[in-house]
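Trainee: Work out the full structure: start from the sequences and follow the hints.
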Amino acid sequence: MRDWTKQRTERARRLEQAAPFATGKVVKADDVTALLQRVIRSGDRLCLEGDNQKQADFLARCLTRVDPATIHDLHIVQSGLVLPEHLDLFRLGIARKLDFSYSGPQSGAIARALDKGNIELGAIHTYIELFARYYVDLTPNVSLIAAVCADREGNLYTGPNTEDTPTIVEATAYKSGIVIAQANRIVDKVPRVDIPGDQVDFIVEAPEPFYVEPLFTRDPAAVTESQILMAMMALKGIYAEYQPKRLNHGIGFATAAIELLLPTYGEQLGMRGKVATHWALNPHPTLIPAIESGWVEQIHCFGSEVGMDGYMSARPDIYFIGKDGTLRSNRLLCQNAGLYACDMFIGATLQIDLAGNSSTVTPDRIAGFGGAPNMGSDAHGRRHVSEAWLKAGHEAAGGAGPLVRGRKLVVQMVETFGEGMKPAFVEELDSIALARKLGMPLSPVMIFGDDVTHIVTEEGIANLLLCRDADEVEQAIRGVAGYTPVGLARDRKKVEELRGRGVIRRPEDLGIDPLQANRNLLAARSIRDLVTWSDGLYAPPSKFRNW
Amino acid sequence: MIPQDIAHEPSWYESSARARIDGVLDPGSFTELLGPQCRIMSPHLALFDLPPAFDDGMIVGRGLLDGHPVAVAAQEGQFMGGTFAEVSGAKLVGLLRAAAASAGTSQTVSAVLLLLDTGGVRLQEANAGELAVSETIRAVLAVRQAGIPVIALIGGRAGAFGGGSLVASCCSRIVMTEQGRISVTGPEVIETNKGAEEFDSRDRALVWRVTGGRSRALLGGADRYIRGDVASFRAAARDRANPPAFDIDTMRAEQVRLEKRLERYGDCHDTPEIWARMNLPDPAGISEIDDAAFIERLAATGGAHDAR
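Heads up: the sequence lines are chains G and A, in that order.
Oh and the first sequence: position 82 is 82 in the UniProt record's numbering, straight run, nothing missing.
Oh and the second sequence: position 112 is 112 in the UniProt record's numbering, straight run, nothing missing.
A couple of the hints might just be wrong.
Claimed, not checked - Derived Cβ-Cβ restraints for the label pairs, each shown as a range:
(1) A:Ser-201 with G:Glu-419: 18 to 28 angstroms
(2) A:Thr-31 with G:Ala-470: 56 to 66 angstroms
(3) G:Ala-379 with A:Met-41: 49 to 59 angstroms
(4) G:Asp-115 with A:Leu-258: 54 to 64 angstroms
(5) A:Gly-104 with G:Ser-542: 22 to 32 angstroms
(6) A:Leu-258 with G:Ala-222: 31 to 41 angstroms
(7) G:Gly-502 with A:Glu-296: 55 to 65 angstroms
(8) A:Ser-29 with G:Arg-499: 44 to 54 angstroms
(9) G:Glu-297 with A:Arg-202: 32 to 42 angstroms
(10) G:Gly-502 with A:Ser-201: 43 to 53 angstroms
(11) G:Asn-520 with A:Phe-54: 19 to 29 angstroms
Said to hold, decoys possible - A partial selection of chain A residues facing chain G, derived with a Cβ cut-off under 10 angstroms:
(12) Pro-10
(13) Arg-157
(14) Phe-199
(15) Arg-202
(16) Arg-204
(17) Leu-206
(18) Arg-209
(19) Gly-213
(20) Glu-288
(21) Asp-290
Honestly, the hints are just simulated from the structure, not real lab data.
From a predicted model like this one, the values you see are computed outputs, not experimental measurements.
Note that the Cβ used here is the ideal one computed from N, Cα and C, for glycine as well.
Mentor: So, in structure tokens, the structure goes:
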């Protein structure tokens with residue numbers, strides 16, 4: 001007869017072997033490596049909590065110290081590969097296979113490791129895509145997670161940076177896996193229970209608080225006039241026209257400029273209350289002036305941001321705040337909100353090709369996707385309507401009708417030349433060459449052209465919804481690609497025709513004088529100004545201060 | 001809706017050197033000498049494949065302040081970090097020498113305004129830059145000896161580092177904002193030579209706490225602390241009566257003041273320690289309060305350190 005409880009038996013066996021290293025659920029920091037050595041088996045699927053913000057960094061360090069002769073061929077399934085230790089696991093032979101979403105600072109190291117064959121790559125996912133697979137075919141056997149504090153029963157307070165934790169723990173704990181948490185402190189009573197203790201097997205007080213990267217802080221002092229011009233065009237040519245109330249912003253400087261223009265330029269345009277009231281958004285400090293000016297109704301967050309916790313706690317009408325008074329974030333739920341409940345995504349990219357496909361991959365960097373492909377894609381399962389969604393759909397279809405569905409506005413904002421004067425517009429994405437080199441069956445594309453509705457550059461806005469064939473898309477893109485080789489190769493007559501139809505719109509077509517694009521238009525011109533706007537509640541990390 | 005402290009008047013920190021000159025002088029009164037149309041550019045930058053500027057980042061000339069003639073020099077901190085170099089240095093030295101020579105003639109000026117915004121000597125032309133700094137110092141002192149005050153206005157992005165700090169400390173007056181910085185050695189240089197434990201240049205709060213306007217004003221390294229808008233700089237420049245004497249008594253008094261300062265605070269590691277020892281209330285909060293509150297607190301110290 002088939003044994004239906006093999007996983008449960010295996011879990012019990014591992015817990016028994018680990019028992020000598022724990023008192024109840026509490027493990028001493030010095031014993032963690034020995035404990036890991038007992039509870040992990042070669043070939044396990046393992047999630048080492050790490051996303052673009054918080055990191056189970058102490059547990060990561062301990063895991064790199066296990067003996068690769070005993071533990072090897074781990075299959076790492078986690079959203080972010082961000083710490084050097086994450087790569088060390090592959091270099092040391094502890095891990096072999098990888099499924100992930102985002103790499104950020106390790107994007108160069110991943111590309112090199114792939115090239116050398118140190119990593120067997122499953123796939124680069126979006127966040128919710130990977131989380132979905134936690135429940136289908138990538139369920140972790142062991143998860144190593146991070147919490148702010150824990151009590152002795154294993155109840156965890158993950159606080160403002162809750163992020164991925166509930167999703168990881170749910171998948172692991174209910175499928176006979178083992179959950180080990182590092183906590184900044186072990187306390188008698190946690191301020192609130194984010195993760196119930198019966199889902200947690202071991203806790204350890206880490207020698208240092210877990211690391212959090214301030215990822216969404218854009219210094220207003222670094223916003224350029226060209227970004228301000230693009231932001232003005234977006235506000236007048238897209239926000240005012242479609243009036244998207246529910247939206248997500250990327251983390252670039254051009255969208256930060258939009259946030260900083262809402263209380264000034266947006267106010268002049270009379271848009272307050274009509275657009276951008278409900279957000280799926282990380283706690284961007286640059287949104288503080290708009291919040292304080294009454295633009296924003298509510299915001300749900302993927303994660304937190306260093307320095308923003310005090311401000312958010314004082315604005316519970318805007319943010320999702322626990323009864324303990326601090327933010328609760330949740331990456332899975334917020335990504336889902338961005339996919340299904342938002343009318344618009346607007347963000348930056350590195351490269352756009354002639355079909356509007358955009359990618360952040362360069363030949364030597366694999367940054368992953370994070371959430372952009374979900375934010376920046378039309379959800380075909382969406383069935384509720386909004387005016388912005390319907391208007392975009394009708395433009396795409398060339399008319400209304402009982403079966404004409406809406407479209408999410410997916411806007412790419414990009415300066416024609418990026419860092420190091422590299423053209424942002426290209427004939428072929430670098431990701432295609434990369435996929436060829438690594439033998440990947442699918443090129444890593446962040447947002448496919450058929451999802452992109454608008455491209456905004458300093459030269460103008462291209463509305464791809466109004467393009468009727470691939471040739472028009474190409475010329476609309478060339479028509480806003482400035483002095484890049486792609487832009488110079490435009491068919492001038494066709495571009496003028498598209499401009500006549502409103503497919504391409506220049507600043508002057510929108511009644512914007514580029515000389516208006518001045519830093520004095522920004523509601524805040526420095527981090528210090530943001531602190532003033534927040535009434536001293538925003539406490540920026542030291543690296544962003546100039547006082 | 002915008003908080004008053006963020007009132008959108010032009011900010012000195014954000015303005016270009018030319019916009020600062022326009023904001024300080026009587027409207028339309030500025031006459032530039034050797035302006036960009038003369039195209040007197042650095043002969044050295046091409047060697048390094050670096051683009052030159054038509055004015056070499058130094059704007060000099062004459063104008064009026066409340067109807068009185070003044071000489072003005074402004075560094076463009078956004079070009080090569082506002083550096084002292086061969087051409088920019090010669091323009092500045094020429095202006096200062098002309099001002100000194102003008103004393104007692106019909107061409108005399110009532111003050112020289114130095115709008116410093118500099119990281120110090122331009123590395124690509126270091127020898128010429130070092131010479132320019134010493135010639136500038138000599139020329140500043142000559143102007144002061146001729147009875148004309150030289151006023152340093154510091155609140156730009158580059159601050160006043162290296163030679164710029166030496167020049168500033170030779171002036172009759174130093175006017176500064178919170179964001180302005182003065183230091184001989186830049187934070188990155190200290191870190192490179194002494195390690196991040198000695199001075200972490202990425203800890204921006206530390207950098208400003210030590211080199212910024214508040215610290216300098218409290219320690220007597222700057223005579224006036226003002227808000228960061230252009231109008232406040234104009235007001236400060238107008239107040240040029242009664243400059244400190246340029247004589248041996250002033251020098252001796254300054255020597256005594258500096259010796260005492262070293263004795264009292266020489267073993268401190270960070271500015272809040274100094275502020276605590278000065279018996280200032282809430283030393284840790286001094287960087288956090290707004291300008292109006294700081295100016296009040298500064299006045300309460302009675303801190304008339306006449307640094308010169």
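Trainee: May I ask which of the numbered hints given earlier this structure violates, with the numbers listed in increasing order?
Mentor: Violated hints: 5 and 14; rest satisfied.
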